[in-house]
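Q: Spelled out from the first residue to the last, the chains are:
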Amino acid sequence: MSGVRVLVGTRKGAFVLRSDGLRKNWDVSGPFFGGWEMYHLKGSPVDPNRIYASQGTGWFGQLIQRSNDGGETWEPVGNQFNYDGVPGTHQWYDGTPHPWEFARVWHLEPSLSDPDAVLAGVEDAALFQSTDGGENWSELSGLRKQDSGASWQPGAGGMCLHSIIVSPKDPERIFVAISSAGAFRTDDGGKSWRPINKGLHSEGIPDGDAEVGHCVHHITMHPSKPDTLFMQKHWDVMRTDNAGDSWVEISGNLPTDFGFAIDVHAHEPETVYVVPIKSDSEHYPLDGQLRVYRSRSGGNEWEPLTKGLPQSNCYVDVLRDAMSVDSLDRCGLYFGTTGGQVYASNDEGDSWEAIVRDLPAVLSVEVQTLA
Amino acid sequence: MIRVVLPAHLKTLVNATREIELDVAGVASQRSVVDALENRYPVLLGTIRDPTTKKRRPFIRFFACEEDISHDDPEAPLPDAVVSGVEPFFVIGAMAGG
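Line by line, the protein sequences are chains A and B. Mapping to the numbering used here: the first sequence position 7 is 34, numbers consecutive. Mapping to the numbering used here: the second sequence position 1 is 10, numbers consecutive.
Treat the hints as calculated values from the structure; they're not laboratory data. Keep in mind it's a predicted model, so treat the numbers as computed, not measured. Built from N, CA and C at the ideal position, the CB exists for glycine as well. Heads up, some of the hints might be wrong.
[To be verified] Computed from the model, here is a short list of chain A residues facing chain B with C-beta under 7 Å: (1) 85; (2) 88; (3) 101; (4) 103; (5) 310; (6) 311; (7) 333.
[Said to hold, decoys possible] Lysine to any residue pairs mimicking SDA-like chemistry, simulated, CA-CA at most 25 Å apart: (8) 63(B) with 114(A); (9) 63(B) with 111(A); (10) 20(B) with 38(B); (11) 64(B) with 236(A); (12) 64(B) with 124(A); (13) 64(B) with 192(A); (14) 39(A) with 38(B); (15) 64(B) with 101(A).
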């Protein structure tokens, strides 16, 4: 029988939530790596039992864990993320040059075709790859070394590369997004990169229409439309239909267009979900009401989804990697909050239930749909 | 034989429930003890010091004989009581929180 496995990364460990295809009753296991920050866990699309996890703390640095049995057991693999060559500098908060320094892995993106191949997005922003199951890592340094790299400057959350999308149509085409720098694309497997931020407008940077410097929070894609991307920017929800060559705003009737998480329905490439957050100075939902918004028209027209979600006194945040969808017949949605709840919907967002309510702050949620 | 006490998270990583006993070749120093630790437990690479520069991580401290020796020369010999196994060499995760 089909089922789902939800991989949850939190501030104090990882949890694995399992259910059958009905997605009503859940088995919760964990914490794995209790006390460690688990920024992201993600399974291979080719071999769902192969899962990669980013484990770290400010005390003891970065580790990468790998499971070959669907999260039952784990083994540490390579954790050496050395920038290619002489790293050089980027801009620091005060505008002075600052050497590139590795801090942590924000996102792991397993290959669409090879369970031993995986990409890692790190802070300070760079993209690394492993082709041996995470044992060894090498930088795709063309990204950091392209023209604008030296001008990138961290935002308050750090200069992180948090979003990685490999085109299912062309494995040489990769999209990434970096906080306070923007979105970038390669068409040659990571050798050369260019900014793809035309159409973005950001207040808070000197030139609101600049080629780089935009605080992109997350990007997502439906595999059937690989030239269409959806973006939750710091403020503004955006879309592109030409692989990032230009973007248009689709915030439409959202009550606020600040937020972090954005995702696409598994079977409807024009059905998009966001979780609006009140503002960048108040990282909680508007009016204390936790609402997912759904657009069935690719943006602009949004409907609130509230059934089963707290509609008073709710002041949690939903972070950029903390929403995911399954691909069962009726698409399921999942998101985690900084208050430790993981909510699930088995009906495309029409209704929600909390799988768990009292985990540590949730950093990431990834779903695996199991045959 | 050097006795090494690790902080809880690192003990978990190496599946140790108590202190670790290490044979250290040559002069026992902070550096040679951590070299021996990493040699026996490769999972510790990067968790105590930078693997390239060998610089101690900012929130790691080394204690011995009721002294914080973190800022001593990493190559300096450890106290006799540590070298003889009377006293342990402590790897400490700095206190923080609220």
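Q: Look at each hint and say if it fits the structure.
A: Status of each hint after checking the structure:
1. Proximity of residue 85(A) to chain B holds as hinted, the smallest CB-CB distance being about 6 Å (cut-off 7 Å).
2. Using the Cβ-Cβ criterion of 7 Å, the hint placing residue 88(A) at the interface with chain B is satisfied: the shortest such distance is roughly 5 Å.
3. Interface hint status for residue 101(A): violated, as the beta-carbon distance to the closest one in chain B is roughly 11 Å, over 7 Å.
4. Against a cut-off of 7 Å between C-beta atoms, the interface hint on residue 103(A) holds, since the closest Cβ of chain B lies about 5 Å away.
5. For residue 310(A), the shortest C-beta to C-beta distance to chain B is roughly 19 Å, which exceeds 7 Å, and the interface hint is violated.
6. For residue 311(A), the interface hint is violated, since its Cβ never comes within 7 Å of a Cβ in chain B; the closest pair sits about 21 Å apart.
7. Taken as an interface hint, residue 333(A) does not check out: its beta carbon lies about 35 Å from the nearest beta carbon of chain B, beyond 7 Å.
8. Restraint check for residue 63(B) and residue 114(A): the C-alpha separation of about 18 Å stays at or below 25 Å, so the hint holds.
9. For the proposed pair residue 63(B) and residue 111(A), the alpha carbon gap of about 19 Å is at most 25 Å, so the pair holds.
10. A threshold of 25 Å between alpha carbons decides the hint, and for residue 20(B) with residue 38(B) the separation of about 21 Å falls inside it, so the pair holds.
11. Using a Cα cut-off of 25 Å, the hinted pair residue 64(B) and residue 236(A) is violated, with the two alpha carbons roughly 42 Å apart.
12. For the given pair, residue 64(B) sits about 22 Å from residue 124(A) by alpha-carbon distance, which is consistent with the 25 Å threshold.
13. Between residue 64(B) and residue 192(A), the direct Cα distance comes to roughly 35 Å. Violation of the 25 Å bound is thereby established for this hinted pair.
14. Only pairs whose Cα atoms come within 25 Å are accepted, and residue 39(A) paired with residue 38(B) is rejected, the gap being roughly 34 Å.
15. At roughly 28 Å between alpha-carbon atoms, residue 64(B) and residue 101(A) are farther apart than 25 Å, so this suggested pair is violated.
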